[in-house]
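Top to bottom, those sequences are chains A, B and C. Using this note's numbering, you'd call the opening residue of the first sequence number 8 and step up by one each time. Using this note's numbering, you'd call the opening residue of the second sequence number 764 and step up by one each time. Using this note's numbering, you'd call the opening residue of the third sequence number 726 and step up by one each time.
Hints are computed from structural coordinates only; laboratory data are not their basis. Model, not experiment: these values are computed from the prediction. Every residue, glycine too, gets a C-beta built ideally from N, C-alpha and C. Be aware that one or more of the hints could be misleading.
[Said to hold, decoys possible] Derived lysine to any residue pairs resembling SDA-like cross-links, with alpha carbons at most 20 Å apart:
#: 1; chain 1: C; residue 1: Lys1024; chain 2: B; residue 2: Gly831
#: 2; chain 1: C; residue 1: Lys1024; chain 2: A; residue 2: Gly210
#: 3; chain 1: C; residue 1: Lys895; chain 2: A; residue 2: Gln280
[Said to hold, decoys possible] Calculated from the model, a selection of chain C residues having no Cβ within reach of chain B, i.e. all distances over 10 Å:
#: 4; residue: Arg759
#: 5; residue: Pro787
#: 6; residue: Pro977
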Amino acid sequence: MTRYVLRRAGQGVFVLWAAFTVAFFVLYLLPSDPAALVASGGGEVSQVDPTQLAALRAEHGLDRPILVQYGDALLGALAGDFGASYVSGASATALVAQALPETLRLTGAALLVAVLGGTAVAVASVLPRARFLRQALSALPPLGVALPTFFVGLVLLQWFSFRLPVFPAIGNEGAVSLVLPTITLAVPAGAQLAQILSRSLRGTLGEPYVETAWAKGASRARVHLAHALRNAAIPAFTVLGVMVGGLLGGAVVTETVFSRQGLGRLTVQSVNQQDVPVVLAIVVFSALVFVVVTLVVDLVYPVLDPRIQLRTPRAASRRAASRRATAVTA
Amino acid sequence: MTRTTASTPVLEISGLEVAYRTADGGHRPAVRGVDLRVGAGEVVALVGESGSGKSTTAHAALHLLPRGGEVTAGRLRLDGRDLSGLTEKEWQDVRGRHVGLVPQDPTVSLNPVVRVGDQVAEVLVVHGLVRRADARVRAVELLRQAGVDDPAARARQYPHQLSGGLRQRVLIAIAIAAGPRLIVADEPTSALDVTVQRRILDHLDALARETGTAVLLITHDLGVAADRADRIVVLQDGVVVEEGPAARLLDDPRHPYTRALIAAAPSLASSRLVVGARDGGAREGAAQGGEAPPSSAEPAPVLALDGVRKEFALPRGAERRTLVAVDDVSLAVGPGRTYALVGESGSGKTTTARLALRLERPSAGRVVFRGEDVTAARGRELRSLRRGFQVVYQSPYASLDPRFTVEQIVTEPLRAYGVGDRAERADRVRSLIDDVALPVDVLRRGPRELSGGQRQRVAIARALALRPDLVVLDEPVSALDVSVQAQILELLVRLQAEHGLAYLFVSHDLAVVRQVADQVGVMRRGRIVEQGAADQILLDPQEDYTRELVAAIPGRRARSGTST
Amino acid sequence: MTLQTLTRPVVTDASAPDPAATPARHGGARRALRGARHVLRRPGLLVAVAVLLVVAAWAVAPQVFTAQDPLVGVPADRLQPPSGAHWFGTDHLGRDVYARAVHGASLTLRTTALAVAVGLVLGSLLGLLAGFLRGWVDDVVGRLVDVLLAIPSILLSLAIITALGFGPVKVAIAVGIGSVATFARVMRAEVLRVSTSVYVEAARASGLRWPAVLGRHVLPNSSGPVLALVALDLGTAVLAVSALSFLGYGTPPPAPEWGALVSGGRDYLATAWWLTTLPGLVIVAVVLAANRVSRALEKTGEDQ
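Work out the full structure: start from the sequences and follow the hints.
Written out as structure tokens, the structure reads:
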């Protein structure tokens, strides 16, 4: 058991390292010159004074060979140090930590709403006896995944902040300000979950063991909830990591629409200013969240599915495969 | 052993008609006016091939038709009570409580994430028969009744931890839990190995007789029906063509379809097929068994396996490093002869066949083809060898590329080896299709438009295209209905005689093997436990395991009644 | 013991062919005809195909659909609600929003198409290599896919934009790389499924060489789900591209890219609902249509 956890943690560390490496080389090797951008201060790059540029390069260590820079950055990242922001000079890690609580509140609330709402819609799209009701409800998830986040946010603002002034349009003040952003962020995630779950439910409802349950004389609700849903939830559960990652990504647009402070806004600012260290820190942080959630999912998995035992590596790779597969159909 | 039927039958079906909605909005009738009675303590077998409506009839008795299925006419009575107008809620009280179901495939019919004891207890709980706390205790008792050893421990296990046979016993426990008046057993053992199959059926039989429960047994196998049923009802295309006491129906079938089924049923047939008058004498001699000394007088074998072994690496972290699938297997297939490799699932027979085809490389031992050691052959050499040995797979649905036409499928090996020009290849394909007794117009069709038997004929034509010496037949008829099975077996025997083919015939079904084999090898856990001339093995097995296999062939009751 | 002979009564092959199977016709025209009939019988699918065709026509020949100028407005007509003259109303400069949406189609769709192409080419190449060669190549690709899945795709796209800078082509590359993992995975799974299928083994056993097996059996039979994914990814990419253009990373204003159109209406939420809602609904319609077509493609794949 401990060995298994250690090995899985090791795999997680590998994914983190690889994510860091991919992000580092994307950010540092690609054509634009961050130092020139910083020195220009938003003006024309060509007008930058060469000596000033060289000084800036030296300051951020950009004049060294790329592999040396990489080694340095990796060592720093291991200690939680992603360097200083090109723009403000503050530590990238500190900036992320500062922006984090608001975003965690938002994504946490959205995750809750998405899981509850998504499950409810999925069950409701197979449970009712009336065919038209099932059909109407099963049209919801495909609609939900087709809605752009910014569009949902703006329409909600229009109706519930301007036409009916129920919720504040912008800002981070209190729980009320969280309602519209939470719904906005939860719609695509919940719809995705509902799509995976209802597809999986339809599959399990055709399984022979469900027929056995019918043959026992179990009620419709019992067959659907105690037998089908329990089995259908398993593949949906494996995408939790991808889902949480998706919520972090969705926060970028949501926080912009509702002018909230948080990680998403920090991302937009940093991208706008090509503030490479901060972007790197954010990307690695999101990968960390994915790795941790996935590890927790894997450890809880055998409770849901007794067929899977922790120890065998095959089980882990099967889970990973299922995660990849389900992530695609999402 | 027919017993008198009580005045009120437990199940009485009259004029039942069931139709399925089709994609274009029409209705396709599946059951057309079936009448059926099952008395208390009576076992009635409903026999038919796929598409005969036997399973639909069974499911109608539980009001559990698949999506799109609908009872369009007829009455259903249980102990005299008319069930026709029941609501869905009222049916919930009937199912499980008064009618139990033993489903087809035990490996997928239990909820994988619930302990088996709880699955048995659930029946009692949903019908409010015992208090929740007592249900578990009662479930253990039921598992014991269903023949599960150490039921208290088993009750706490999950389905995947039990063998197929044990799972079927759990399902029997579920079916009998509420003490129903009727048990519907839908092909209860066709997914199980023969030896397990026999024990399960024995047990179900005994339970029914003890408790006076009526049993409706659905089966495609007349042999099983003959062994188990008091009465047999034969269904064809949704219509009952004949019914009667089991012994009468087998001895004196009146409907031509029943006669054809009996003739085709491998478990009721008793000896090797031969080709008309031609070559018959020689074959008869061979079939008579052991006098011919095994290899010395015979010509050099086409294929010989010499102590072959195959290990598969297991993933790291498993208890053992490797799995030995095939262990020190030696066998020889003579020209124009059939060597049958028999075994239950997991015995290593298919891996052995794949080794013979050089689709796997043996871990040890030699593969000798036409006197030449081909164990290490690879690349171009192996490709040129492949012309000499071809294969026919179990599933004719999976072995043909769905995008190809029959013509493309059969032409492919010819093209691969650049045999002839376009016109010559077309001629060759035509004659091959003719050889397997298919009409020429199938050439333009795709495999999806053909029936299972036709597809298997196409697969055979493809295997013969390069005029091989050896054809490996991997369960070639297991996926087919009995009557089609018989035709394919006849075809194989005829082609063997005409082309002098050697067959390596892999099968789990001794009844089928008996019809085609000259030599038989019995495999268990990767080893050949016994091999020799077919009649010797089948009539006078030396090993306990072989004896058990032979005894498990269904249809013994009928054979002992008719063949003397 | 009785000897059986071939004089036994012959039972006709009772198992009928799959009734759902329609006669396979080989030939492009007939297949297209069958496809058209398939679409006509499904009203939802018909609408979806129509939406995609109309939007594609907007992109190719916008001037056919609107005579108004997308960039130069009539100041007197500013912030008009939708009417017969201005179907989608007008914006704060008096520009016709419908004309902007029509002219924006080519920008948005070109970016989207490029993004899908990047994802498809890179992803299916990786997947094909992994599924066909297996072994360590498969391991490496599998790990890469894991890593790409670990980074939320919009953050990955943003990182690439940080490095490349702004503009439609850069947005397309960024979005395309975000979908590489998905294509790689589906392609790998399909190639693996087909190349371990019995009919491929049968082809191998009958002596076919590997390149022929790949070309004749593996690729044709694994293309279906990948095609369905292309349609699905078209929808996803429209969403991603318009989100990035909403954030301001696409073509600079006043170009009427769809995401930027919606974004431009943000300051008038209280007074001019049509500025955000109507262009937004255009995006929703396109994504829904693409997803519907994807589902239809997936279904026909399953039937095969």
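Evaluated hints:
1. Our distance criterion of 20 Å between C-alpha atoms is met by lysine 1024 of chain C and glycine 831 of chain B, whose separation comes to about 19 Å.
2. Proposed proximity of lysine 1024 of chain C and glycine 210 of chain A is supported: the alpha carbons are some 15 Å apart, at most 20 Å.
3. Distance restraint check for lysine 895 of chain C and glutamine 280 of chain A: the Cα-Cα separation of roughly 16 Å lies within the 20 Å cut-off, and the hinted pair is therefore satisfied.
4. No beta-carbon of chain B is positioned within 10 Å of the beta-carbon of arginine 759 of chain C; the least distance is around 13 Å.
5. Distance check for proline 787 of chain C against chain B: the nearest CB is about 40 Å away, which clears 10 Å, and the non-interface claim stands.
6. The Cβ of proline 977 of chain C sits about 48 Å from the closest Cβ of chain B, beyond the 10 Å cut-off, so the non-interface label holds.
In this structure, none of the earlier numbered hints is contradicted; all agree with it.
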